Amino acid sequence: MPEIAITAQALKNSGGAERYTRDVIAGLHRMGIRPTLFSREIDRELEEFAWVDAQLLEMRWAPRPLRNLAFNWMLGRRLRRHRPRCLFAISHSPYADVALCGGTHPGFLEHMGQRARQRDLWQVALEQKTYANAHTIIAHSRSMAEELRRFYGIPEAKIRILYPPVDTARFHPLDPAERLAARRQLGLPEDRVVFGFSSTGHKRKGYDLLEPFFAETRLPVCLAVAGRPIPQECETIRYLGYQKNIERFFAAVDFTIVASIYEPFGLVGVESVLCGTPLLIADNVGSAEAVADDAMIVFNRKKAGDFARAVHIAVDRVRGGGGRIARPLDSLRYVPDVDTHVAALVQLLDPGVDPISRG
Numbered sequence: 000m001p002e003i004a005i006t007a008q009a010l011k012n013s014g015g016a017e018r019y020t021r022d023v024i025a026g027l028h029r030m031g032i033r034p035t036l037f038s039r040e041i042d043r044e045l046e047e048f049a050w051v052d053a054q055l056l057e058m059r060w061a062p063r064p065l066r067n068l069a070f071n072w073m074l075g076r077r078l079r080r081h082r083p084r085c086l087f088a089i090s091h092s093p094y095a096d097v098a099l100c101g102g103t104h105p106g107f108l109e110h111m112g113q114r115a116r117q118r119d120l121w122q123v124a125l126e127q128k129t130y131a132n133a134h135t136i137i138a139h140s141r142s143m144a145e146e147l148r149r150f151y152g153i154p155e156a157k158i159r160i161l162y163p164p165v166d167t168a169r170f171h172p173l174d175p176a177e178r179l180a181a182r183r184q185l186g187l188p189e190d191r192v193v194f195g196f197s198s199t200g201h202k203r204k205g206y207d208l209l210e211p212f213f214a215e216t217r218l219p220v221c222l223a224v225a226g227r228p229i230p231q232e233c234e235t236i237r238y239l240g241y242q243k244n245i246e247r248f249f250a251a252v253d254f255t256i257v258a259s260i261y262e263p264f265g266l267v268g269v270e271s272v273l274c275g276t277p278l279l280i281a282d283n284v285g286s287a288e289a290v291a292d293d294a295m296i297v298f299n300r301k302k303a304g305d306f307a308r309a310v311h312i313a314v315d316r317v318r319g320g321g322g323r324i325a326r327p328l329d330s331l332r333y334v335p336d337v338d339t340h341v342a343a344l345v346q347l348l349d350p351g352v353d354p355i356s357r358g
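Numbering (numbering that gives the first Met the number 0), first residue to last: 0 to 358.
Hints in this document: simulated from the structure, not taken from any laboratory. One or more of the hints may lead you astray.
Below, simulated DSSO-like cross-link-like pairs (lysine-lysine); rule was C-alpha separation at most 27 Å, straight line [to be verified]:
(1) 202 to 157
(2) 301 to 243
(3) 157 to 243
(4) 11 to 202
(5) 243 to 11
(6) 302 to 202
Simulated restraints on C-beta separations [claimed, not checked]:
(7) 168 to 81: 30 to 40 Å
(8) 326 to 79: 32 to 42 Å
(9) 214 to 299: 32 to 42 Å
(10) 301 to 121: 42 to 52 Å
(11) 159 to 119: 38 to 48 Å
Because the structure is a prediction, the values reported are computed rather than measured. Positions of the beta carbon are idealized from the N, C-alpha and C atoms, including for glycine.
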């Protein structure tokens, strides 16, 4: 059995990085692999806690801007006692053998138009050291591979592109009766084309592009927003709150909008497609490269009127009866399930492992 360790910000039920950590642990568990997990926050109530050797490196004593540095200082002390065969860094670490790139800090600053502060320089330095020391870097999209080369000068031979996984049992289409019931339960209008938008941070996710268009349009449309509260509602913009069963939200709407200013991948796009719902997606979003052309309408955030053009096309498509995705898996350019992803990941972590033999 390979000796694998993982670094992660947290083992808890939270955002995308935490979901990815849990997926990797679950996939390893099904392969019979019990990794060591180094993390600064661990929820012992999660079932994944029983599947790891949990090593808590608690960081509340350190000032927030210095917690990444403090974490790796403590990690180095632990690793001097025992160094596992392979260390996979989901959170950045200069000790990583294999490092994940789910986004670069220089890319974030550039797209958001922000100047680097001291804490940003610390983060960039940590990323630089992490990627320089690792023998393999897993990029979650081709755009991330390009950022690794552009900002950090990483040679192409060190980079492997591996799209992130999705729980395909959870995200799936609803039959027409179930979908109608979900729309009514969510309070979605039946006489309008409904565009779904899920956001935990409106500025980066691009809500500023959506709000003025939907507030002023005379098209028979409605923007349904799940997640963080919005400034105000109107006839064509409705706030639905946080949705625990986000898969029903994706299945219920007619199109899902992914309009982020910076989005290294954007798992929402794949989740929506798996629910049978096509995308209105910005061309700078990483997951656009993983979705077939017939399952999305692409627009350029910076081109005047291009978002409006995309909305008009979407409305016409729904009115014409062609708004649903009949075979979601055929509309993706990769196999998205967790076990396939983790099997490929283990081959990069420990090439001697035969994932097939482990069932």
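Hint by hint, here is what the structure shows:
1. For the suggested pair residue 202 and residue 157, the alpha carbons sit about 33 Å apart, so the restraint of at most 27 Å is broken.
2. At most 27 Å may separate the alpha-carbon atoms for a hinted pair to count; residue 301 and residue 243 exceed this at roughly 33 Å.
3. As the CA atoms of residue 157 and residue 243 are separated by approximately 38 Å, the hinted pair breaks the 27 Å bound.
4. In summary, the hint linking residue 11 to residue 202 is supported, as the alpha carbons are separated by about 25 Å, within the 27 Å threshold.
5. For the hint pairing residue 243 with residue 11, the CA-to-CA distance comes to about 15 Å; that is within 27 Å, so the pair holds.
6. Taken as a hint, the residue 302 and residue 202 pair is honoured in the structure, with Cα atoms around 18 Å apart against an allowance of 27 Å.
7. The given range of 30 to 40 Å is respected by residue 168 and residue 81, whose C-beta atoms sit roughly 36 Å from each other.
8. Our hint of 32 to 42 Å for residue 326 and residue 79 is violated, since their Cβ atoms are close to 52 Å apart.
9. In this structure, residue 214 and residue 299 break the distance hint of 32 to 42 Å, their C-beta atoms being roughly 21 Å apart.
10. Judged by the Cβ atoms, the range 42 to 52 Å given for residue 301 and residue 121 is violated: they are separated by roughly 30 Å.
11. Between residue 159 and residue 119 the C-beta distance comes to about 27 Å, which lies outside the given range of 38 to 48 Å.
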